[in-house]
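Peer 1: So the protein sequences, as listed, match chains B and G.
Going by our numbering, the letters in the first sequence line up with residues 1 to 204, in that order.
Going by our numbering, the letters in the second sequence line up with residues 1 to 261, in that order.
Accuracy of the hints is not assured; some may be wrong.
Said to hold, decoys possible - If you want the footprint, here are the derived chain G segments under chain B, 3+ residues with CB under 8 Å:
no. : stretch
1   : 5-11
2   : 19-32
3   : 189-197
As the list claims (entries may be wrong) - Covered stretches of chain B, as calculated for chain G (at least 3 residues, CB under 8 Å):
no. : stretch
4   : 84-97
5   : 110-117
6   : 150-161
Source of the hints: derived by calculation from the structure; they are not laboratory data.
Beta carbons: idealized from backbone N, C-alpha and C, even for Gly.
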Amino acid sequence: MASLVVLRDQIIRRLVGGDQISDSEIDPREIELLILQVANAAIKIEYFTNIRAEDNHGVSGQYFATYVLPVTKDPVRKEDYIILPQPYITLPRDKGLYQITPMNGKCKFFIPTNAGFSSLFHGLAAGNLEMNTGFYSDRNKVFFTKDIISQGTSKVMVKIIVAIGQDVIFDPAEEESIIKEVMSIMIPKMPQDKVVNNIDKPQE
Amino acid sequence: MDSYVTLDKIVRQALIANGEESLHKYSRYLLFAMEGAKDFYIDSAQDVKTVMLTMDSVKQAHLPSDFVDWVKVGIAIGDRIKVMGVCESLPILTKRDNCGNLQPYKSDVPINDIPVDYLSYGGYYFFNYTNEWGELLGGLYGIGGGYTDSGYFRVLRNQGNNAILQFNSDVDNTDVYVEYISNGFDPKAETIINSYAEKAIQFYIHWRVAWHKDGASSGSAKESEFQYYNELRKARIRVMGLTTRDVLEISRKYYMQSPKM
Chain B
1 MASLVVLRDQ
11 IIRRLVGGDQ
21 ISDSEIDPRE
31 IELLILQVAN
41 AAIKIEYFTN
51 IRAEDNHGVS
61 GQYFATYVLP
71 VTKDPVRKED
81 YIILPQPYIT
91 LPRDKGLYQI
101 TPMNGKCKFF
111 IPTNAGFSSL
121 FHGLAAGNLE
131 MNTGFYSDRN
141 KVFFTKDIIS
151 QGTSKVMVKI
161 IVAIGQDVIF
171 DPAEEESIIK
181 EVMSIMIPKM
191 PQDKVVNNID
201 KPQE
Chain G
1 MDSYVTLDKI
11 VRQALIANGE
21 ESLHKYSRYL
31 LFAMEGAKDF
41 YIDSAQDVKT
51 VMLTMDSVKQ
61 AHLPSDFVDW
71 VKVGIAIGDR
81 IKVMGVCESL
91 PILTKRDNCG
101 NLQPYKSDVP
111 INDIPVDYLS
121 YGGYYFFNYT
131 NEWGELLGGL
141 YGIGGGYTDS
151 GYFRVLRNQG
161 NNAILQFNSD
171 VDNTDVYVEY
181 ISNGFDPKAE
191 TIINSYAEKA
201 IQFYIHWRVA
211 WHKDGASSGS
221 AKESEFQYYN
231 ELRKARIRVM
241 GLTTRDVLEI
251 SRKYYMQSPK
261 M
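Produce the complete structure using the sequences and hints provided.
Peer 2: Laid out in structure tokens, this is it:
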């Protein structure tokens with residue numbers, strides 16, 4: 001299992017044909033960003049592969065990013081919310097926003113809903129979620145269906161699915177495909193030869 | 001085994017059984033679980049809820065939101081219930097005062113205000129059961145049913161969110177005892193279910209999920225339906241709890257001497 005730094009250095013060595021020299025134009029930060037972008041695309045593909053292969057609706061725990069976030073009250077909507085520090089991968093039923101737990105009672109999990117929940121379930125017995133608190137995302141915020149601040153919850157633990165940060169660990173089976181994908185993006189392509197003649201050098 | 005389980009627990013178990021690893025389908029499964037629980041409560045649970053209702057000035061009492069059907073309506077007198085009768089001819093109140101408030105119909109209409117045609121009876125009168133001194137002779141055959149002095153009620157549905165009990169104007173008591181079949185849901189509390197129905201409701205969820213699943217064969221939905229009804233059958237048998245002793249008791253109750261000719 002390679003870390004982000006190991007993968008980055010491996011890709012740079014391949015691109016420059018040896019150790020990176022000081023006047024190289026390759027920025028390691030750009031390589032890291034690319035690795036994470038390619039990995040996030042792979043996570044989404046893995047999710048659907050899991051469903052097809054084993055009817056498994058989960059995602060490997062190694063792609064979870066966990067945060068402890070403060071709960072704030074929106075003065076206009078009168079709803080409690082948190083601000084997500086990072087976008088998550090969009091999966092069916094918003095599963096990228098995987099789990100939220102109150103820090104003052106970790107055994108009581110909040111129930112994921114969606115933005116249309118309150119109108120769809122209005123007046124239905126199921127709308128009270130069996131006295132549980134629901135949550136739904138709205139851009140970079142996550143709102144709660146109940147006033148959790150008054151119930152003593154000032155902080156929540158959030159798990160989102162996204163490959164992010166220096167401590168991310170990649171699936172060994174996907175390392176090679178990530179390297180190949182990043183390399184194919186980084187290797188400069190020849191400009192298109194738009195003039196039909198016997199000269200090899202591309203001509204505009 | 002606990003006597004009762006929460007619907008929350010049943011929903012989580014159904015999610016796990018269907019291969020879910022998170023709670024993202026919780027609300028959908030809960031909706032199905034409540035449908036299954038409702039069916040069980042209405043047809044099989046034999047759970048009768050009791051409530052004391054207070055009658056308002058227009059002789060109406062608002063039934064709870066989980067009311068499905070009434071079992072017994074009456075007035076509590078000591079440790080007994082004086083049962084009231086049903087009267088479908090009680091009117092649905094439409095009379096209102098200038099402020100829009102409902103006004104009760106009254107039975108104490110002055111006799112002079114009642115049309116003569118209404119009072120006149122066009123049939124026969126029989127007096128052959130008394131003698132000339134008014135003493136009863138017996139032989140009072142074929143007389144129809146009488147009236148209860150405990151009052152009458154009618155269930156008014158579609159009158160807003162909750163059904164209403166409308167009482168006749170002669171009922172003086174303001175506190176009414178009601179036994180009713182509940183749909184099992186209290187919006188302010190967790191739903192609890194008889195443990196006997198746990199698996200039946202789980203299979204109801206599986207059936208509904210299979211039924212609505214895109215691309216699923218009708219065979220898998222039919223299979224789930226079959227499993228659900230099998231579990232429901234088992235739950236009903238357990239709830240009914242008819243034992244050999246009960247059967248013996250019933251047979252003894254209706255065993256009596258017959259007159260010798």
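Peer 1: At a Cβ distance under 8 Å, does chain B reach at least three residues of the stretch 5-11 of chain G?
Peer 2: holds (count 4)
Peer 1: Counting residues of the stretch 84-97 of chain B whose CB is closer than 8 Å to a CB in chain G, do you get three or more?
Peer 2: With 3 residues in contact (Cβ-Cβ under 8 Å with chain G), the coverage given for the stretch 84-97 of chain B holds.
Peer 1: Given that the stretch 189-197 of chain G was listed as covered by chain B, double-check it with a C-beta distance under 8 Å for 3 or more residues.
Peer 2: Per the Cβ count (3), the hint holds.
Peer 1: Apply the coverage criterion to the stretch 19-32 of chain G and chain B: a residue qualifies when its Cβ sits closer than 8 Å to a Cβ of the chain, and three qualifying residues are needed.
Peer 2: holds (count 11)
Peer 1: Taking a Cβ-Cβ distance under 8 Å as contact, does the stretch 110-117 of chain B have three or more residues in contact with chain G?
Peer 2: holds (count 4)
Peer 1: How does the stretch 150-161 of chain B fare against chain G when you require at least three residues with a CB closer than 8 Å, holds or violated?
Peer 2: Check failed, 0 qualifying residues.
When each numbered hint is compared with the structure, a violation occurs for hint 6 only.
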